[in-house]
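> Sequence:
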Amino acid sequence: MRSYRAIIIVILISLTFTLLIVNVITTNDSGYLPVSISMRNPESTVSSYTGNDPQQTHRYVTPSLAELGGRGNLPPEKNDHVLMLTRVPGAGAEILVLILQRLQGYNAFKHIRLPPGDDGLLTSLQQELLVEEITSIIRQEAVPLSFDGDVRFLNFSAFGRQSPTYISLVRYPLDPRNLKSFRPGETRHGSILHFCGQDPRCTQRNSSWALEQAKTNVLRWCPVVGILEDIEVTLKVLENTFPYFFNGALEVYSKFRIPSKMKFDRRISMKGSKRKGFQDDFKMEMIFYEWLKLRLSKMSTNG
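For the sequence shown, the residue numbers in the numbering used here are 197 to 499.
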């Protein structure tokens with residue numbers, strides 16, 4: 197009788213140990229299951245754990261500016277080694293394009309011309325696609341880089357990307373050639389539209405809001421906006437501000453300097469309502485032009 201009891205006790209003890217071992221194995225398998233699922237997730241990968249959170253994973257993607265800001269190491273808003281020359285129609289920006297093309301080998305940078313396109317307002321999607329396209333080029337090419345394009349001001353930071361440093365060139369709004377071709381009632385836009393940006397309010401003629409927005413964008417994103425009538429002063433300021441792009445610009449320009457007989461003649465005038473209509477249309481443009489001219493003059497004096 198006692199021998200039967202001993203056998204039964206041994207069997208019960210063996211069953212107990214067996215159940216304990218099975219339970220431990222099952223628990224370990226379920227603990228590793230989330231890791232296995234996580235490894236199959238194409239949006240994330242698991243790296244060595246360095247913190248106290250066992251669920252922590254790391255995404256191996258290029259961080260946006262917003263993500264970098266959250267980590268306390270936000271890069272500058274503007275990339276000083278990437279220039280974006282915005283071409284204001286009829287303002288002579290091709291002079292700067294030619295100089296950049298001539299100097300790119302000498303100063304060891306690369307100039308890229310963006311394909312010509314409509315300089316009208318872009319939709320939010322069009323803006324984002326253009327920002328991504330330019331950002332992709334910047335990543336692929338060695339810096340420093342310079343671009344030129346006829347697109348209006350584009351805010352890269354609104355799409356979480358570092359902005360190129362903008363430069364541009366404007367001309368006297370009441371230029372005689374504009375005066376001669378002016379027709380009463382004709383809608384014309386000047387340089388304010390290009391610096392104001394992509395907001396529909398930028399298209400309103402003689403808008404105080406558009407003027408102030410253009411000034412704000414210039415102060416924040418455009419260290420140098422040159423004046424065509426003061427092109428040599430402009431090139432001097434560009435040489436001082438961006439020597440790795442514009443070193444030698446004055447010398448290059450001297451080889452294709454505009455002959456004196458082709459320089460701007462402001463003596464041409466018009467009379468009556470035609471001139472008044474033109475001046476009324478470009479009232480804000482004149483304010484903006486004089487502001488830019490004073491800014492450039494101060495930079496030249498201080499530089």
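If you are wondering where the hints come from, they were derived from the structure by calculation, not from laboratory data. Do not rely on the hints blindly, as some may be mistaken.
Cross-link-like lysine-lysine pairs, in silico, DSS-like; alpha carbons within 30 Å at most [said to hold, decoys possible]:
hint, residue 1, residue 2
1, Lys411, Lys489
2, Lys479, Lys451
3, Lys451, Lys494
4, Lys432, Lys306
5, Lys479, Lys489
6, Lys432, Lys472
7, Lys432, Lys274
8, Lys432, Lys489
> State for each hint whether it applies.
Now the hints, each set against the structure:
1. Lys411 - Lys489: 12 Å, holds
2. Lys479 - Lys451: This hinted pair is violated, its Cα atoms lying about 36 Å apart.
3. Lys451 - Lys494: The hint holds at about 27 Å.
4. Lys432 - Lys306: 21 Å, holds
5. Lys479 - Lys489: 16 Å, holds
6. Lys432 - Lys472: 36 Å, violated
7. Lys432 - Lys274: 22 Å, holds
8. Lys432 - Lys489: OK: Lys432 and Lys489 at ~14 Å, within 30 Å.
Of the numbered hints listed earlier, those contradicted by the structure are 2 and 6.
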